[in-house]
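Knowing the structure of chain A, use the given hints to seat chain B with the ligands on it.
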Amino acid sequence: MSDASTAVAVSAPQPVQAARARSGFWMRLFRNPLTVAAAVWVTLLLLAWLWPGLLAPHDPYAGDVTLTRTFEGPSWDHWLGTDGQGRDLYSRVVFGARFAVNSILIAMVVAIGLGVPLGLFSGWRGGRADRVVMWVNDVLFSLPIVLLAMAVIIILEPSLPSAMLGVGIAMATRFVRLTRAVTLAEKEELYVDAARITGLSPPAILRRYITPNLLPSLIVQVAIISGAVILIGATLSFLGIGAKLDDPDWGVMLARARFDFRLEGIWQIVPAGGALVLTVLAFNLLGDGIRDSLGRDAASSSLTVPRKVALPPVVQLHASGAVLSIRDLAVGFPAPGGMVNRVLSDVSLEVFPGETLGVVGESGSGKSMTMLAALGLTPAPGYLSQGSVSFDGREVTFLPEQEWQEIRGRDIGMIFQEPVAALNPALRVGRQLMQSLLVHTDMSKSQARARAAELLAEVQVPDPERRLDQYPHEFSGGMAQRVGIAMALACEPKLLIADEPTTALDVTVQGQTLDLMAEVQQRHGMAVILITHDLGVIADAADRVLVMYAGQVVETASVSTLFSRPRHPYTRALLDTMPQSHRGHGDLPVIGGVVPSAAAWPDGCRFAPRCEFATDQCRTSVPLLEAVGTDLVRCVRHAEFEFGPHAETSA
Amino acid sequence: MTAPFLEVENLHVHFAGRSRLFRSAMPTVKAVNGISFAIEPHRTFGLVGESGSGKSTVARAVLQLTDVTAGTIRLDGADVTRVPREAELAFRKRVQAVLQDPYSSLNQVHQVRTIVGDGITRHFGIKPGPEREQRILALLDEVGLAGEFLDRYPYEMSGGQRQRVSIARALAVEPGLIIADEATSALDVSIQSQVINVLRRVQADTGVAFLFIGHDLDVVRHVSDDVGVMYLGYLVEQGGADGVYDLPAHPYTEMLIASVPVPDPAAQAERRALRQTFKKDTEPPSPSDLPVGCPFANRCPVAMDICTELMPEATAARHGGHVRCHLHTSGPVLAGESVVPYIRSASTAR
Ligand SMILES: Nc1ncnc2c1ncn2[C@@H]1O[C@H](COP(=O)(O)OP(=O)(O)O)[C@@H](O)[C@H]1O
Ligand code: SF4
Ligand code: SF4
Ligand SMILES: [Mg+2]
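Sequence order for the protein chains is A and B. Numbering-wise (numbering that gives the first Met the number 0), the first sequence opens with residue 0 and increments by one. Numbering-wise (numbering that gives the first Met the number 0), the second sequence opens with residue 0 and increments by one.
Where hints are given, some of them may not hold.
Computed from the model, here is a short list of chain B residues facing chain A with C-beta under 8 Å [stated by the list, open to error]: (1) V108; (2) G159; (3) V261; (4) R271.
These aren't lab readings, by the way, just hints derived from the structure by calculation. Even glycine gets a Cβ: it sits at the ideal position worked out from N, Cα and C.
Chain A extracted, bound-state conformation (with noise of 0.2 Å):
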């Protein structure tokens, strides 16, 4: 044990990664120009909210006393004019930035402590208390904000405070809907469960583990609700009800427009209303910035793709007669600073009629990507950076996606691991499995449906007809999965592709699917790759199998030689750690560490770091595939091992 710790501590470069992303949010957010211009407006708006004096040449409150130079257009003394009292408007503007920068302070303060705390109440104890808080939001919400806003007035006084505490309580109903939805769900995750395990109460539960998962939605909402909040201010002053009439508040300054009864102060409109208009898609497009930058998604977006390369096809490198057939497959993605992982390189496999292939290794070991990339789904950033795939005896590494979704909904049926998933929830299941028919088959709406009550029939789903018109969430896992390999075999394909399609499944459930594909295959006669990580389903329907470590095909052999003579210590690891092959309570042998991550792949032997075996010569060259008979083994001294089938082992 005390090896596999080491090894443990040992591989693992990820901290490195986990800085990169957590900077990354800087570095993704200031990426969109727009989001850059508008941090610029709001920092100039908290400048001028601090420290007006610094940005404004005039009192905005003093005016021209002999009353010469109002109404005036731009000049060089106001570079935005003055008002009918003669007053600077830019300074004008600029202290209006108090007032807005306030107004969003007061009415914020207000919503976010009454909404959060009333959100994490209601969502936590659920029940009555949920109900009763969501009945009073509700009618509360649709209230309109002004009506909020003028009945605060009128109970306390006209003023700009007064009005944002109601304009605060209207904006309240928008963060208790976020943030009881936030808890809700929240609440059912598994670490909330841990920690009332541990012991913590709600309150510390609520404030340690769930406001944190709340805060990045509620930033985005504080931003873009801000941007409301002036709108909603400005108009109250522009309405008379929120600041006085002689204040340098760009609502004030709208009404004085009106007010003013004279053409020439409706020039007072472009600054003013310039301004609002500049702040609230200021606020917008930084909210918007925020909630793109966030996801963990983003982070790969950011990445560029290199071209793809077309090569040569080599087709004389196929086997004849194979269904599908994939040489020396290479998939590449963009990693930070220019480099590339390549998450699976030199992979190559071909799979026959009527044959069994089964694909087995850990996770992250790349056997699904092996099949997206072969099959032109290569998930982007990455991309197909070497290597031929020829399905049916006709090339078709890079043929286009049109004509690839021809072949795939036909002639290739494909299975995943989370068969309800994998389902429409909003279609019924006779309409999902009419689909393909329709689209790839010239059968009328009628005989579709025939034909799906036959394929249900053939799968043994019970009642046929009825589960026809059932919803996806009505059928357990491993009906769903039934359906699953019905609507593979609608269109009689060539190639049934199942990754992990009992992983997620009951153990007695996994008999009966598996059981079932044999049965189907060998009335169809198509081939079947079946992905898995467990050995014993590679046991129980493979016919020849390929092992895979790191990206790289380490050995394949036909089952029989896979089991009782493994040639490659990764193999021979792999059987061991399985608790079937022990009949005691003892130890189990383990495989010190973990998969390295494609960035920090080894440059010799991918499994070196974790093999018993290794020497100086499996660190230094890259040991090619090499031929024992049929079997192929990337091992530099497999000649060396004698591996028997695995020793029941007991302690």
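What follows is chain B with the ligands alone, placed relative to chain A:
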């Protein structure tokens, strides 16, 4: 024999089905229907069954995360069926858990230091500082993680590393019982064996009792001293782990064993033949509409008339535990012997 640390007696957990939307009464979900078992210190009790058989509900009931409908739960002899709020903290110090999903059972926003340290602060009053740091390091060492993991966030760790952190978090309060609910099910086989070894060593070092829940009988047998096989909220068979595995007396236990594929094509061909004797297209009845007789009757290859009429009582089994099946009480009396030869001969006779 030492006194048991955990005793569960005749536990029932029913969920009153009430529809939010219509306020109408929905059928009651009978998730756990009268199960009893006990775990001594230093020992592991394994609970195995398909999903929906009630395993997690048993765990949640013991953990006070769900209300008990009937029955008694005792810890060290004291009744903890319903722990009053003022006694909750003391209870939490004695029972901990490692939950299934290594991804959602750790909060993404906290570092390992906080995840493991919280319990130390809460239960021993040791504030963050050098003393707490020392304790956390010792715990990480115990589960095979180096000190550099202190500053890691969950998203910077693999599934196996996360489960080690979960184990360290559970160990932090020095509990007498750890409940591991599908703690290794989501892991790769090679990582699963690492985590199982960690659990074994922790038990050897601290004497903690384990309730180990899983759906793979080969794994559960390996880590457990005793096992209970759950089906639709009933314990249909229980006894010593090797005994139940080698001499299964209940057809359902045999179905579970036959369903786990073994990494050996010849042996697996035999298991496959055995699993094919079980009905393929029938699903378990709904826990809100339990049958009168044996709950396994509609899937059982050797069901008899009496099976749909009467719920079998628990009878002694050859392996020293007991079994609930009419094969052992009426009908062809197997008297606790293994059901395997009987199922084989019945299936070849057909
Ligand atoms: N809170 C709940 N409300 C209603 N039914 C529940 C609840 N929790 C579990 N159940 C039901 O109880 C049964 C047993 O579930 P569970 O204990 O989770 O099984 P297992 O852990 O063996 O998969 C299932 O039918 C499940 O749907
Ligand atoms: S090449 Fe060397 S390190 Fe790699 S598997 Fe073979 S013996 Fe081990
Ligand atoms: S009681 Fe009857 S139906 Fe139930 S397991 Fe035994 S033989 Fe099968
Ligand atoms: Mg469960």
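Hints versus structure:
1. V108: Interface hint status for V108 (chain B): holds (4 Å vs cutoff 8 Å).
2. G159: Status holds, d = 6 Å.
3. V261: 5 Å, holds
4. R271: Because about 6 Å separates R271 (chain B) from the closest Cβ in chain A, which is inside the 8 Å limit, the hint holds.
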